[in-house]
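Line by line, the protein sequences are chains S and G.
Heads up: the first sequence is residues 1 to 133, going by the numbering used here.
Heads up: the second sequence is residues 1001 to 1247, going by the numbering used here.
Heads up, a few of these hints could be off.
As the list claims (entries may be wrong) - For the chain G half of the interface with chain S, some residues (derived, Cβ under 10 Å), not all of them:
1) 1072
2) 1079
3) 1202
4) 1203
Calculated directly from the structure, the hints in this document are not laboratory data.
Note that CB positions come from ideal geometry on N, CA and C, so glycine has one too.
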Amino acid sequence: MIEKGLKIFLCVMFLCCVLAVGAASGEDDEDYPQEPIIFTKPVKAVVFDHKLHVEENGLDCDSCHDDPFEMAAGTAEENKDFNMKALYEGKYCGQCHDGDSAFASNTRCTLCHIGVKGYNRMTGVKPKGHGHE
Amino acid sequence: MKVNRSDKPNFVTDEERREFLKLGLKITGVLAGGSILSLVPLPEDEANALVELEGYEKTPYKPHYVMVIRQNHCVDCEKCKEACKKTNHVPDYGYRTTILEKMAEDDEGKKFSIFMPVLCNHCLNPPCVRVCPTKATTKDPKTGIVVMHYHKCIGCKTCMAACPYNARYFNEEKRAIDKCNFCWDTRLSKGEKLTACSAACPAHVRVFGDFSDKNSEVWKLVHQPDKAVWVLRPETGAKPCIFYMND
Ligand code: SF4
Ligand code: SF4
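Isolated chain S, as found in the complex (with noise of 0.2 Å):
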C-alpha cells in the first residue's frame, strides 16, 4: 500500500516537472517525439532521430513537415517512391542530405541503415537461429 502510495507520488512529480519544462518553453512547437522513428520499408531498417536533428543540428518542425514529411509517422513510408533513388533526386530525406546541407544520401549508409540486427536490438527482439556451433 505504502509502496502503491509512493508510485502515485513521483508520478504525479514526474507530471508536474514535464509540464513545467513545457510552460518553461512556452511553445507547443518543441513537441516532438522523443523516441526515434524506425522505418521498415522498402528495407529493414532506417532510424531517423527527432532529438539529433532538433538539438544538435538545430532544426525545427517547419524545416521538414508538411514537406517532405507529413506529420503523421509511416505516411512517407506508404509511398512507392521512398527510395534511395527519391532521395537522391533531393526528396524525403535528400532534400537536406545532399552533400551540401547535410551528408550526401549515397555517403555512410550505415549511419542510417541500422538493418535488421539494428532493429532486433531497438525492439528487443532475439535473432533466430544459434550459428553454426
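We have chain S; now place chain G with the ligands onto it with these hints.
Chain G with the ligands only, in chain S's frame:
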C-alpha cells in the same frame, strides 16, 4: 575489438599503394578483417598484414565463379539471406550466408555499423575438401564451386572443423552437411546468371560473376589500381574466392 584500417573507405595509404605496385598488382590483394570471424580472432598486426594474392588468374576453371562484396554498401537488410533460405530451403538453425556486424566510429565520433556478408569462399585450396574422408565434398573441376554430395556425407563434421570461415552447418533434414554452392542446383544450372543473394540485393553489394572473363564486372572491380581488395584470413592459405572492397 579495435577497428582495423579496412573499415575506413579510404584506408589505403600512399605507402601501401606503393607496396602493391611493387607486388606487381596482379590483384590489389590486401589484408583482412579476419578478426571479425568469430572462431579464432587474429592478432591485430596480423589482421593488418599485406598479403600478395597469387594464383587467382591462372585457374583451370571456366567459368570461374567468384563474388566481390562491396562491403560499405551493405545495410544488413538481409534480403540476401531471405532469398537464400527460400531458394535453397535453409532451415532457421543454419545458414548458407549471413551478415556479420562490428561497430566503428567515424571522424566525428558517431557510432555506425560495418556489415559484412559472409558465405562459403569456394577456396582454391579448400581445407574442407582435403579432410573429407568420403569425398562427399569436392571442388567442381569446371566451375570451381565447392559442392556437397549429400548421399556420400556420413555427418562426421570434419569439414566443419576444417573450414576457416564457419561456412558449413549440419542439416538435420538432409542428415548431411550443407553449405553455399552458389545456387548451382537451384539457379545456375537452370540458366540463371546470378545467385539468389546477388539477385536479391538492392544495393548491388554481392557482385557475382566469372573471374576467367576479363570483361566481367567481378574482374574489373578487383583490378582497379586505386582500390584495395582484401580476402578473409589469407594466412590460412585456403585462397578464398570471395573478395571484399569498399567501393
Ligand atoms: S541484400 Fe545486400 S545490402 Fe541487404 S544484407 Fe544482403 S548484402 Fe547487405
Ligand atoms: S569456405 Fe570453408 S566450406 Fe567453403 S571451400 Fe573454403 S573451407 Fe570449404
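We went through each hint and held it up to the structure:
The closest approach between the C-beta of residue 1072/G and any C-beta of chain S is roughly 7 Å, which is under the 10 Å cut-off, so the hint is satisfied. Checking residue 1079/G against chain S by beta carbon gives a least distance of about 7 Å; that is within 10 Å, so the hint holds. The beta carbon of residue 1202/G is positioned within 10 Å of a beta carbon in chain S (closest approach about 6 Å), and the interface hint is therefore held. Restraint check, residue 1203/G versus chain S: the minimum CB separation of about 8 Å is within 10 Å; hint holds.
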